[in-house]
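By UniProt numbering, the letter at position 209 of the sequence shown is numbered 209, and the numbering carries on one by one without gaps.
Source of the hints: derived by calculation from the structure; they are not laboratory data.
It is possible that some hints are incorrect.
[Claimed, not checked] Just the calculated beta-carbon pair ranges, DEER-fashion: (1) Asn56 with Asn33: 27 to 35 Å; (2) Gln132 with Lys168: 21 to 29 Å; (3) Ala89 with Glu179: 40 to 48 Å; (4) Gln107 with Lys168: 34 to 42 Å.
Just so you know, these numbers come straight off a predicted model, no measurement behind them.
Backbone N, C-alpha and C define an ideal beta-carbon position, used for all residues, glycine too.
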Amino acid sequence: METGPGDGDAGACAEMDGQGPGPSITEEFKRINLTNLKKNAVEELKQRSAHLAETNCRLMKDIQHTDDSTAKQARSLLQRYEVFQRVKAIVQTFNQNRLDTARAELQETEKTMEKNLGKLQQQLDEVTSKVQVLQDELSVLRTYIDGQYPEQAVQIALLQRSIQKLKKQQQEEIDKTEEMGKAILEELEEKARAEQEALLQKVVEEMLLHQDGLKQMVINNHILRCEILRQREIIKDLEEEIGELKRSIQTLHQSARDPRELIFADVLLHRPKCTPDTEVVLSLPAKETPLI
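Just need the whole structure built from these sequences, with the hints factored in.
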């Protein structure tokens, strides 16, 4: 096979450049690979950008939701705090009013008690004096009757014992009635106290959610409750003392009644008193009817 002149020139040029066809193809491959790598990098960058954009969008929504929830909770806390402040003011006003009323009532009761005690003491002194006079008169009359009418003296003694027995029964009934009244009153007071404590407990439990701001109020309420209980104890003691004085006065009034009014009602209430120096004319029946 013969070689033409052109072929010889091409081979000569190739030999002169010192390069064959292999290096050019390698460069092309490198360029293509580099282009593919750039495309892949750009595609990966786009995917990462899309993922980051989606993540940022989701984070923005979460942040917005968190902000909304936080704002809602803050508004709710503010509303509850406002309600708490109003309830606190109402409770403080209510407790202060009750305390002022209790103090005013206590002062008024003390004044009334002092006035009543003075009157009762005066009445007691008067009744004591009357009782002493009546006892002296009874002693004189008993001495006179014992000497003149021993049978009537026995009947008088029996009547006196009957009177004492009736007084004792009456006093027992009065004491029993007063005890029943006290029991009912204590039951009502206990019920009212339980309702009040339940209400206060409910308010305190509602307010303990804001414990940091309520500690002083709880302390004040406890002090107020103790003060109210102490005032009630004082009032109760005063009421018991008044009841005891009333019972004493009633007993004195009952015991101060002249036994002669019961025994000789038809004689002593319509005729002048009989003294040892007065001449007495008695008209006794032949056969006496027993008095008891």
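(message) I want to verify a distance hint. Is the separation of the beta carbons of asparagine 56 and asparagine 33 within 27 to 35 Å?
(response) Since asparagine 56 and asparagine 33 have Cβ atoms about 34 Å apart, the given range 27 to 35 Å holds.
(request) Return holds or violated for the Cβ distance of alanine 89 and glutamate 179 against the range 40 to 48 Å. (result) Cβ of alanine 89 to Cβ of glutamate 179: about 43 Å, so the range 40 to 48 Å holds.
(request) Starting from the hint 21 to 29 Å, judge whether the C-beta atoms of glutamine 132 and lysine 168 obey it. (result) 23 Å, holds
(request) With 34 to 42 Å as the target window, see if glutamine 107 and lysine 168 comply at their CB atoms. (result) Once the Cβ atoms are compared, 39 Å apart, the range 34 to 42 Å for lysine 168 and glutamine 107 holds.
Against the hints set out earlier in the document, no violation occurs for any number.
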